[in-house]
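Peer 1: Okay, here's what each chain looks like letter by letter:
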Amino acid sequence: MTGPSTAGRPRARETARDQENARQLEASGISKWFGRRLVLDEVSLSVAAGEAVAIIGENGAGKSTLLRICAGLIRPDRGQVRVSGRVGFCPQEPGLFDLLSADEHLALFAPALGLSRAKAIEDGHTLLAEFAFPVAEYSQTRHLSGGARQKVNLALALLGGPGVLLLDEPYQGFDHGAYVSFWEHVARWTADGLGVVVVTHLLADAALVDRVVELTIPRAPVVERS
Amino acid sequence: MTGRELARRGFALGLLTALPLAFYGASSNTGSNAVITGGIAMAFSIAGASIFVALTARPVDQRLVLAGYRPYELLLGRLLLLEVFGVAVSAVFSVVMVFGTGPPHPWLLAAGVGLVAFTSVPFGLAVGAVAPHELEGVLVLIGVVGVQLTLQSTQAIARILPFWGAQRLLQHSVDGTVSIGAAVPSGLAYATALFIAAAYIMHRRAPSLTLSRVR
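So the sequences go chain by chain: S and R. Residues in the first sequence are numbered consecutively from 1, following my numbering. Residues in the second sequence are numbered consecutively from 1, following my numbering.
Extracted from the complex, chain S is given alone in its bound form (with noise of 0.2 angstroms):
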């Protein structure tokens, strides 16, 4: 054992690192510019594995930009994004093949997931059921609501057990009964050990997280970039 004097400290080091160890994202130091326009200036944001962060901030505060280069899909001028384990990217306009049904996408995504195809359907499936998707019809995208089109774009995210949820106002053309249903799972994923980030424009949501990140449009002089 160890003794009474010395006790406090390695545990406390263990907890930190505990915590560091839980953290599924982070992102330091993001700076981004389109063309002359600075976006981000500096931006850090991490996510422990089991908490739920809300983006909020006004139109042009880089919210869904700042998604994406933590999805990995922009690159960043400066700064640095680690995760830990796969990334689930749900973007805010559902990034979907018009011509192929919600259960041809799931087949799509199983060999990149490593699911067989019937597992991916079937999980998919569970998932869509779960926001009221109509499952059992067969419908092209194309012919489907916008909300349920943002319903295969969420399962897609979460098809395939992420470590992380990156959330691009995931609930947009939900009816009231399945935006409430969408924040109680966020609560059952992050119960789950998920971090999730939920972009968002709505203030009532950042009730609903365990912490908020603010973004504002960052003042920068108008210069050419070297």
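Among these hints, one or two may not hold up.
[To be verified] Short, incomplete list of chain S residues facing chain R, as computed with Cβ under 7 angstroms: (1) Phe34; (2) Leu100; (3) Glu104; (4) Phe109.
Quick caveat, the hints were computed from the structure, so don't treat them as lab data. Yeah, the Cβ is synthetic: ideal placement off N, Cα and C, and Gly gets one too.
Got chain S sorted already, so can you dock chain R onto it with the hints?
Peer 2: Below, chain R without anything else, positioned relative to chain S:
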């Protein structure tokens, strides 16, 4: 799945396939030129379909790579699928032109049409990788194929265009007046270079993260 998506665009595919037939039919009174015009115009079909596949897949590709696919796997899958489509279209089109024109070297005609199809796929994938939208992609396609159609294969500028090798084969199949030694190597080299360009662009655009345990 790309095949299913493509197959469900029956009307667009019909139009794309009808386009070179229209070029061939419209120039049928020009004798041997009709084979060259129709054969090169087939690039509109195959490259058009390839551009379309590349552009419609772009928003999904990044998510597919995030999910675990490698960019080259996606590109290779599309290349193989579209080459099969190209072989099928070029086989039908070769038969039409062989019976319609009766060239002295029908196998060279088939080889020329096949080379157009073979080169068109990586050409379309490369254009689809750089073009911001379908309009720009189609304009590049019309520009390149249109210029190739207006040039004689003996002109210097024709040699730097992607379908020069196929143009030589098609011309030799009807009049036997041009050498075809460099035709196939030129087409293969162009196709390879275009595929590498498409793969490079797709790789550059792919998600990049330090997928390591956070320290």
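Peer 1: Now tell me, hint by hint, if it's right for this structure.
Peer 2: Structure-based check of all given hints:
1. Phe34: Given a least distance of 15 angstroms, the restraint on Phe34 (chain S) is violated.
2. Leu100: With Cβ-Cβ at 6 angstroms, under 7 angstroms, it holds.
3. Glu104: 6 angstroms, holds
4. Phe109: Holds, about 5 angstroms.
Violated hint: 1 only; the structure is consistent with all others.
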